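Novice: Chains A and B, in that order, are what the protein sequence lines are. Everything in the first sequence is counted per my numbering, starting at 1 for the first residue and increasing by one. Everything in the second sequence is counted per my numbering, starting at 763 for the first residue and increasing by one.
Any given hint could turn out to be false.
[Claimed, not checked] Over 12 Å on every C-beta distance to chain A, these chain B residues come out as not near it, computed from the model:
#1 L791
#2 D823
#3 L855
#4 I864
#5 T975
#6 N977
#7 A993
[Unchecked claim] Cβ pair distances, simulated, as ranges:
#8 B:R868 / A:N679: 19 to 25 Å
#9 A:G24 / B:R868: 24 to 30 Å
#10 A:A64 / B:R868: 31 to 37 Å
#11 B:L772 / A:A46: 55 to 61 Å
#12 A:G375 / B:D1030: 47 to 53 Å
#13 A:L631 / B:G1006: 39 to 45 Å
#14 B:H832 / A:K416: 48 to 54 Å
No wet-lab data here; the hints were simulated from the structure. Being a predicted model, the structure only gives us computed values, none of them experimental. The beta carbon of each residue, even a glycine, is placed where N, CA and C say it ideally should be.
If you want the building blocks of each chain, they are given just below.
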Amino acid sequence: MLLDKSTAGARWHLRPDGMEKVTGRLRYLTDLKAPGMLYGKVLRSAMPHAQLVSIRTARAEALAGVHAVLTHKDVPGLNRFGIVIPDQPVLCEDRVRYVGDAIAAVAAESPEIAAYALSLIEVDYVPLPVVDSPDAALRAEAPMLHPQGNVLHRTHYARGDVEKAFHACAYVVEATYRTPRQMHGYMETEGGLFSWDADGRLTVQAATQHGYKDRMQLSRILAVPEERIRVISSPIGGSFGGKDELNVQPYGALLALRTGKPVKIHHTRRESVRAGLKRHPMEVTMKTGIDADGKLVAHSVRIIADTGAYATLGAPVLNFATEHAMGPYRMDHVLVEGRSVFTNNGVSGEFRGFGGNQVIFALESQLDRLAAQSGIPPWELRRRNLRQPTDPGPLGNTVMPTDGAAQVWQEIQTSKLWQAAESEGGEKHVPGRPWLRLGFGAAMAMHGSGLGYGIPDPGGGRLGLNAEGKLEAAFSFEEFGQGIMATLEIMLMELFGCDAEDLHLMIGDTDKAPHSGSSTASRSTTIAHLTLSELHPKLTAAMLVAAAEASGHDAACLVTGRGGIWLEDGEGPIISYRELAARTSGSLCYEAAVHFPVTPDPVTGAHFLYTCTAAAVRVEVDTRSGTVRVLEQAHAVAAGPVVNPMGYIGQIEGGASMALGYTLMEDAVMEEACYRTENLDTYMLPTIADSQATFRIHAIEELPPGDPYGPRGIGEVGSVALAPAITAAIYRATGRRIDRLPVRREDLIMRLAGQTGGEETL
Amino acid sequence: MVLPGLPEKLPHVALPRGVQEAWQLKRSLGERAVYSGGGTLLRTQWENQVQPVPFQLIALDRLKMLRGIHVSDGGMVEVGAMSTLNECIADPLLTRSAPQLIQALRQIAAPAVRNLATLGGNVCSWSGDVLPALLALDAEVSVYAEGKQLRLPLDAWLNTSTRDPHALLCRIYVPPAADGAEDGLSLAMYAKVGRRQAFTASLVTVAVAGRFTKNGTVRGIRIVAGGGGAAAQRLTAAENLLEGGQLSKERLFAVSDAIRNQYQAASDAFAGAEYRAEAAANLVAAHLWQIKDFKAP
């Protein structure tokens, strides 16, 4: 189904947080202030790799207006953080490993005084050799960045015998693909407000994608029981994975503890670039072979990821990349070997797509190369290799049956864009401007949701009729723009047949919402669906019984509706939710704990639920300057029923814009482990002028019969397949293969002499 | 060392009411003072620590004589240096007489910046995107220097080695557009290549002015390239190949070669000089190629 405002009809639902956001009235957590509040700043390392010999804070402490200067000696608990492996110092003791490493934290009466105080802290460094690439890190003489060496994590997956199988292939291609250090580029940089109350309870108001996980990590650092920490973590001005790990929270909490006053920290963009996570740059070498009929026979993959100075989610990202290096294709002989390598570059971590984007770019490019070599049309080559609905997953694990791959394959081929490209019959020129080349390209991908086998992935929530007579749903999810508020609102309105005014949504607060797990991995929609599927019948039954008692009607004749409980054919509520709440005095409240659906086979990191996508684009390459413009985009997404059409479109458009930036301009350039792009004047994000392309989304809602898991998350899938579609189109337009992102103008500029455009020659 | 941002380290701001007063203030403080138009470039320079925050800012906001756009003697459009980029873009006189200048202005930064940034500020950055357009138009300037007003070609002022370091740019004079069809076609063009479609620093900018006459010859050709940190440069070798001659494919290829050889492009982490020179050559040659087949009726 073509998904837009007209096809969505009555389900085109304005997001509840929309008006406040577009008018700028919304108060983000970084807009908060408190009486007597101090401002925190963090001293980051001046060097990418060095021994710390001494840290002298006396001059900073003596500055008027400074209330506290903290170093590693002031961390009461574990001086480390990291979601999976806590290996990053809160405040470095004796060594720094990247330019974002924290050495000291200051609280002062103004941000200016705090910044000035940082300049008065004297740090003696002894520089160590800088490891500025995985290549350098893997050399025998490289300095060891961590006690276990310079390899954070290795993956190995094999089936069949690739080496032997390559001999049997009719066509084999091999290439190495390189991908950039993309920055999340959220509008709201990291920050928050931290305060301790008189009873020794800490309230953290700072963005994260998993409030309970922050609570656990902060408890470890502060040596304070988790129950004495409240994390309020919503609303958020964008995250995309970048705020899942702790960032400013330890410093805010420690400074507030020391000073006894509320402390606000809010990164400048420059601080955010320097300290914050980025997407893993990867070098992916693939050797792929097909037989004479175009069947994939053998596929060997080597992945080297630059994970930077500390672990965070580097290992799961590599697991995900390993799993997704085979795409939605059948292949008998596979070997994937991955290494995630420590360097002194900025820390790489979680980012929308989670390691899929890099390998999908490589894999889809391989298929295009094989198509060119064999003469089989690229899309036909894919068809011949598509997985079947009940095939196992990429790692041989059991998965929920899905026909998504074939569905998106078909859908994109019947799209308007594809049909137009076909009818042009390879015409690649613009009359009168022979330097312009037009091209068409398409690519597809399969994307797992949930955290994967081996990582606990619990969720849950609460649903009740609160004392004010509102149907109250509580989840510990965060709203960071993805639209979880609107999605919950629609789910509840459709379940209860009620109005938005009948609802009260409670998210992003560990004191007020039960564990729902993280707002990551395209998992929230599924968790919400599963939780509400369990809780909705319970609450409904209890409300109907109470309404029956109050009204004398048979409960079987009653239904929930707008404003209260209705007789099935009634013209209005016979009892309002408010009256019902008064009668039941808040006793109708249910909690559920669910687990994200997981594969039964013990394959670490493997997924159970997959969504599929295909993307097609038309691009124009101006060979005078090598500039690429995307003129038109079509996306097909198979992710089950569409809960929230506007939100769905927003996620696919947003993911695609992010992928467009990834493909054409975004790269946090580092030289000798220092950022050359320290701000948004040199780090280029696409603007609306770069994303003017006609954009169509085809949503495939059908799931195999009997599928109990309902709508799948689509937060990431819009971002994974666009890059190879664009580079395929560039190849069609210019004959030039792109193996490195972002696309460089240098690689596409052509001397005008001799260029031909149709009839014309220049 | 520049201490970051304590309140007492913020610059003092002077608001002189006359050009002479501003210039005297600047001369007396020397490098401790900086003229400020819209202040947009200065802020990025401070932020990126390319320039220190000065002791004194000489804000030119009150200098009424640096404002306004009108036709002056000789039909030139006279633009006050403190005119904002958006004021210039909205001005009907400039739009009529220098469309390629308007095109250059429209592609500078973003709307909010163009509301603050001034034409004079862009010129005085020495690498602003407006410079190739103005140089191609053979614009003139008036400056207050050495205690007096001077008027001279922009080209001459930019390349004067004995320039008064405290000179204050007052007005920019844009020559009128040559009239219409009886003299053939205008060769005017401006093109910018950046790292994205909008709100981007330039990698390459080129501007061309001149006529392609009815009898098929090129007259008054001026070709200028700039972009990135490079100073805007007249590409005289290419001009010489074209001036008085006819347009042919062979000549266009020779012009391309000449541009590639002469243009001293900037180079940074995002684009090399060789690329920029190639792009400049392509943009100019493609423009001329589009009109090479023009035949007078």
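Novice: Confirm or reject the claim that B:L772 and A:A46 have a C-beta distance inside 55 to 61 Å.
Specialist: At 25 Å between Cβs, range violated.
Novice: A cut-off of 12 Å on Cβ-Cβ distance, and B:N977 was said to be off the interface with chain A. Does that hold?
Specialist: Label holds. Min Cβ-Cβ 24 Å, cutoff 12 Å.
Novice: Could one say that the CB atoms of A:G375 and B:D1030 fall in the range 47 to 53 Å?
Specialist: Because 43 Å falls outside the window, the suggested range is violated.
Novice: With respect to the beta-carbon atoms only, verify the hint that A:L631 and B:G1006 lie 39 to 45 Å apart.
Specialist: Given range 39 to 45 Å: holds, Cβ gap about 41 Å.
Novice: At the C-beta level, are B:H832 and A:K416 separated by a distance inside 48 to 54 Å?
Specialist: holds, 52 Å
Novice: A cut-off of 12 Å on Cβ-Cβ distance, and B:L855 was said to be off the interface with chain A. Does that hold?
Specialist: holds, 28 Å
Novice: Does the beta carbon distance between A:G24 and B:R868 stay inside 24 to 30 Å, or does it fall outside?
Specialist: About 26 Å separates the Cβ atoms of A:G24 and B:R868, which means 24 to 30 Å holds.
Novice: Minimum Cβ separation between B:I864 and chain A greater than 12 Å?
Specialist: For B:I864, whose nearest Cβ neighbour in chain A is about 18 Å away, the distance exceeds 12 Å, so it holds.
Novice: Beyond 12 Å from chain A, beta-carbon-wise, is B:T975?
Specialist: For B:T975, whose nearest Cβ neighbour in chain A is about 22 Å away, the distance exceeds 12 Å, so it holds.
Novice: Does the beta carbon distance between A:A64 and B:R868 stay inside 31 to 37 Å, or does it fall outside?
Specialist: Because 49 Å falls outside the window, the suggested range is violated.
Novice: Quick one: work out the minimum CB distance from B:D823 to chain A and report holds if it exceeds 12 Å, violated otherwise.
Specialist: About 25 Å separates B:D823 from the closest Cβ of chain A, which puts it past 12 Å; holds.
Novice: Taking the shortest Cβ-to-Cβ distance between B:A993 and chain A, state whether it exceeds 12 Å.
Specialist: It holds; B:A993 is separated from chain A by about 20 Å at its closest Cβ, greater than 12 Å.
The structure fails hints 10, 11 and 12 (numbered hints given earlier, in ascending order).
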